[in-house]
Amino acid sequence: MTIRFATVASTLAITLLAGCATAEKESAHEQPSSQPSSMQQYLLTSEDFPADTKFQHVNQEELRKATTSRSAADSDDPECAARLKIVNVPTTDIDGVNAVPRQGTLFTNLVLKPQYDRDAVARSVSDRCSKQTATTQGIPVEMTFEEVRTPIPNTFVLRQTVTKQADGTTISSTLVGYANRRDVTASLTMMVLPEAAASSATEADLAEFEKYFAKAVAKVEG
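Using my numbering, the letters of the sequence shown map in sequence onto residues 1 to 222.
Hints were generated in silico from the structure; no laboratory data involved.
Treat each hint with caution, since some may be false.
Keeping only pairs whose Cα atoms sit at most 35 Å apart, straight-line, the calculated DSBU-like set for lysine-lysine is [claimed, not checked]:
hint, residue 1, residue 2
1, Lys211, Lys164
2, Lys215, Lys113
3, Lys219, Lys131
4, Lys113, Lys211
5, Lys211, Lys131
6, Lys164, Lys215
7, Lys219, Lys113
8, Lys164, Lys131
9, Lys113, Lys131
10, Lys215, Lys131
These numbers were taken from a predicted model, which means no experiment stands behind them.
Working from the sequences, and respecting the hints, build out all of it.
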């Protein structure tokens, strides 16, 4: 099982958004996985979010489908596509949860083994690859990547913005952070979908992201 490290966070979040939308319509806040993983202990729980958050433990079958499928937005640049292939890592164990604190905002927390190569990830979205074009769901898009500094030590955080090539409309604004701790990688994605957002927000808020990313890192640190 492999994950395209740089773009997988937003790709996976989009893939799993339907599951969270279903959870929003149901009275239960937490959806248990049909196949519990040994990694579940390292994940955020519903108690880590506000009381009205719609929370879902990702069904393992859906997670496997998402992580083995072809990326929804492969770069048009062969060099950037090649860099992404280099950071593909076979996973031996993986688990995840979704949390929707409000309409149009989705958090996805993943934990997996083995750890990812941070330097390879950084190279895959740096220099010429910090801005890429692609086609996702039939729509030509532009993806921009920017490394973000945070006070959480020994982590790697990216801001990714996806816009329509035709008119520059923002499709998604994503913050994704990665932390290698012990023998696992923990990641947290915050994705804002402006067209679906309950507010006028068009960008993922760094302060809010850092709040939950710190919790996600603490989970794996024990």
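Going down the list of hints, with the structure as the test:
Of the pairs offered as hints, the one joining lysine 211 and lysine 164 holds, with about 30 Å between alpha carbons and a cut-off of 35 Å not exceeded. Pair hint lysine 215 plus lysine 113 holds up; C-alpha atoms about 19 Å apart against a cutoff of 35 Å. For the suggested pair lysine 219 and lysine 131, the alpha carbons sit about 33 Å apart, so the restraint of at most 35 Å is met. Proximity of lysine 113 to lysine 211 is assessed by CA-CA distance (about 24 Å); at most 35 Å being required, the pair is judged to hold.
Between the alpha carbons of lysine 211 and lysine 131 the distance comes to roughly 27 Å, so the proposed pair stays at or under 35 Å and holds. Between lysine 164 and lysine 215 the CA atoms are separated by roughly 33 Å; this keeps the pair inside 35 Å, and the hint holds. At roughly 15 Å between alpha-carbon atoms, lysine 219 and lysine 113 fall within 35 Å of each other, so this suggested pair holds. Distance restraint check for lysine 164 and lysine 131: the Cα-Cα separation of roughly 13 Å lies within the 35 Å cut-off, and the hinted pair is therefore satisfied.
With a C-alpha separation of about 29 Å, the suggested pair lysine 113 and lysine 131 falls inside the 35 Å cut-off, and the hint holds. For a cut-off of 35 Å, the pair hint linking lysine 215 to lysine 131 stands: about 30 Å separates their Cα positions.
In summary, this structure violates none of the numbered hints.
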